[in-house]
Amino acid sequence: MIYANSFSQFNEANSTEPEEPSELSWYYGIADCHGLESFIKEPNREVWTEVDFLNSIGVSDISSAKLDDKKAFNGQLNMMQRRCSANMQRHPVIYRALMETDDADMVQDQLASGDYIMGLKIVKANSKEIQLARGTGRNLEKQWSKIPNPDLDPMHG
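Going by the numbering used here, the first residue of the sequence shown is number 4, and it counts up by one from there.
Hints in this document: simulated from the structure, not taken from any laboratory. Among these hints, one or two may not hold up.
[What the hints assert, rightly or not] Derived lysine-lysine pairs resembling DSS-like cross-links, with alpha carbons at most 25 angstroms apart:
1. Lys145 with Lys124
2. Lys124 with Lys44
3. Lys149 with Lys124
4. Lys127 with Lys149
[What the hints assert, rightly or not] Simulated restraints on C-beta separations:
5. Lys44 with Gly117: 18 to 24 angstroms
6. Ile60 with Ser148: 24 to 30 angstroms
7. Gly61 with Ser148: 28 to 34 angstroms
Backbone N, C-alpha and C define an ideal beta-carbon position, used for all residues, glycine too.
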């Protein structure tokens with residue numbers, strides 16, 4: 004999967020005080036005009052790289068493609084691509100966001116309470132970097148800038 008240029012230049016620091024370093028993790032999912040449809044913590048890709056390196060030098064006969072977490076990750080991405088294709092009227096985008104744990108917890112809280120729009124707003128405002136999946140032939144950056152907005156869905160009543 005190829006990603007678009009990051010949107011990190013649009014994220015502004017909200018504080019001038021020095022902050023303690025926080026753990027950053029990648030999250031991915033589908034966002035559309037109704038907010039976040041999914042928000043999933045990405046598996047640790049470093050393990051995949053190490054396994055592939057060992058395979059490439061002949062020390063192991065296992066490649067990362069055979070690892071269960073990589074199979075699940077690729078399966079999720081394929082499902083998301085199909086889901087987006089089936090619901091184009093909702094302006095869906097597959098995103099990948101680098102976030103601090105506290106910010107990701109805020110997003111999870113919003114999703115748990117059913118506020119999918121606020122969840123997306125937090126992702127957009129608090130991510131250190133955002134990447135958008137390519138492959139649909141659409142201007143994803145333009146779609147990303149339009150969402151969330153339920154009025155974009157012609158089937159929303």
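Hints, verified against the model:
1. Lys145 with Lys124: 16 angstroms, holds
2. Lys124 with Lys44: Between Lys124 and Lys44 the Cα gap is close to 18 angstroms, so the pair holds against 25 angstroms.
3. Lys149 with Lys124: Holds, at about 12 angstroms.
4. Lys127 with Lys149: With a Cα-Cα distance of about 12 angstroms, the restraint between Lys127 and Lys149 holds, given a limit of 25 angstroms.
5. Lys44 with Gly117: 18 to 24 angstroms: Roughly 20 angstroms apart at Cβ, these two residues keep to the hinted range, so it holds.
6. Ile60 with Ser148: 24 to 30 angstroms: Violated, since Ile60 and Ser148 (Cβ atoms, about 45 angstroms apart) do not stay within the stated range.
7. Gly61 with Ser148: 28 to 34 angstroms: Roughly 48 angstroms apart at Cβ, these two residues miss the hinted range, so it is violated.
Of the numbered hints stated above, those contradicted by the structure are hints 6, 7, listed in ascending order.
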